[in-house]
Amino acid sequence: AQTVTQSQPEMSVQEAETVTLSCTYDTSESNYYLFWYKQPPSRQMILVIRQEAYKQQNATENRFSVNFQKAAKSFSLKISDSQLGDTAMYFCALSAAQKLVFGQGTRLTINP
Amino acid sequence: DTGVSQNPRHKITKRGQNVTFRCDPISEHNRLYWYRQTLGQGPEFLTYFQNEAQLEKSRLLSDRFSAERPKGSFSTLEIQRTEQGDSAMYLCASTNTGMGTGELFFGEGSRLTVL
Chain A
1 AQTVTQSQPE
11 MSVQEAETVT
21 LSCTYDTSES
31 NYYLFWYKQP
41 PSRQMILVIR
51 QEAYKQQNAT
61 ENRFSVNFQK
71 AAKSFSLKIS
81 DSQLGDTAMY
91 FCALSAAQKL
101 VFGQGTRLTI
111 NP
Chain B
1 DTGVSQNPRH
11 KITKRGQNVT
21 FRCDPISEHN
31 RLYWYRQTLG
41 QGPEFLTYFQ
51 NEAQLEKSRL
61 LSDRFSAERP
71 KGSFSTLEIQ
81 RTEQGDSAMY
91 LCASTNTGMG
101 TGELFFGEGS
111 RLTVL
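Sequence order for the protein chains is A and B.
For reference, each letter of the first sequence is one residue, going 1 to 112 in my numbering.
For reference, each letter of the second sequence is one residue, going 1 to 115 in my numbering.
Chain B with its partners taken away, still in its complex shape:
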């Protein structure tokens, strides 16, 4: 049983470039979340999907951010025209709503550095 997988693990980019992160959740999980974590802080919610439907987006998710989960399996998070303030760890997590507990299973994260 594989866990949540995120790629790439590290991305260094120049300001103004676009970046895309991919998340492969645990296969039987119908819900997928994206969080952002800055150094020494707790994760902050960005958005989540129930199957392929994006059900909620945080106010943190500016119009430069877009997330998709086209077939209800993997998800991508794209950041356009990156800014230095976008530097953070982007965490993906998944769960099965049938569990009823709200427990999330996290990937190792994708660390973004914007120069």
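Pulled out of the complex, with its shape left as it was, chain A reads as follows:
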């Protein structure tokens, strides 16, 4: 079975600070993708960043980057220069067996 675990239910940082969200996963698949999705309050879930498991290089998207440790099955998200608009639920997800499996989420609040 595929599982995704996010151990930080809530985090809060000041605007412009850097914050790292943690995620661990388990899968028996050799080829898979990992994702971070953002769900703002009362709005739809959108993709933040994607990582192919076969790529050693960590993905980056502007202020968002990941630290992918395949052997440790760890996939953390770093948000640099955080902005008020980054306030949202963040979900780590694993693509396996034709569907996405999500973690429990981390509620991130950016304070002015």
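Among the hints, erroneous ones may be present.
Stretches of chain B that chain A covers, calculated by requiring three or more beta carbons in the stretch to come under 8 Å of a beta carbon on chain A [to be verified]: (1) 39 to 50; (2) 95 to 104.
Some residues of chain A that are not near chain B, with every Cβ distance over 10 Å (derived) [what the hints assert, rightly or not]: (3) 18; (4) 26; (5) 56; (6) 60; (7) 63; (8) 76; (9) 83.
What the hints contain is simulated information worked out from the structure, not anything from laboratory work.
Think of the CB as a built atom: it goes at the ideal place given N, C-alpha and C, for glycine as much as any other residue.
Position chain B against the provided structure of chain A, taking the given hints into account.
Here is chain B on its own, set in the frame of chain A:
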């Protein structure tokens, strides 16, 4: 280019009533998913379609739940004899398997409240 559309956005019903949600995926997407999300939790997989074929159903999908995608375009999710435990956000997502990444594009969800 329109995204995934879900209707209704909110539904309040009494226990025992039937409800139906509709999802219109992105037009070129051949795969459609339904997820359920309860407050403060991550989405849980319910079922998915490849074109009009329903390929997998979760154990979460009791026999009171039925989903269809009759022409491989829009999909409906019906819940019969609703129970208070059915209260949740029902999310629809779609993708094109040609992308090869497994990335899903989500709608805004249909929130169900069962009184």
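(message) Under 8 Å between beta-carbons, do enough residues of the region 39 to 50 of chain B, three at least, approach chain A for the coverage claim to hold?
(response) holds (count 7)
(request) Closer than 8 Å, Cβ to Cβ, for at least three residues: run that test on the region 95 to 104 of chain B against chain A and report holds or violated. (result) That given contact holds, which follows from 4 residues of the region 95 to 104 of chain B lying within Cβ reach (below 8 Å) of chain A.
(request) Hey, is residue 83/A genuinely clear of chain B, shortest beta carbon separation above 10 Å? (result) holds, 22 Å
(message) Checking a non-interface call: every C-beta of chain B should be farther than 10 Å from the C-beta of residue 18/A. Is that right?
(response) holds, 24 Å
(request) Just double-check residue 60/A for me: nearest Cβ-Cβ distance to chain B has to come out over 10 Å. (result) Nearest chain B Cβ is 17 Å from residue 60/A, so the label holds.
(message) Using Cβ atoms and 10 Å as the threshold, tell me whether residue 56/A really stays out of contact range of chain B.
(response) At about 17 Å from chain B, residue 56/A clears the 10 Å cut-off, so the statement holds.
(message) If I take the minimum Cβ distance from residue 26/A to any residue of chain B, is it greater than 10 Å?
(response) holds, 15 Å
(request) Classify the label on residue 76/A as holds or violated, using whether its beta-carbon is more than 10 Å from each beta-carbon of chain B. (result) Fine: 17 Å to the nearest Cβ keeps residue 76/A off the interface.
(request) Compute the least Cβ-Cβ separation between residue 63/A and chain B, then decide whether it is above 10 Å. (result) holds, 20 Å
The structure is consistent with each of the numbered hints, conforming to all of them.
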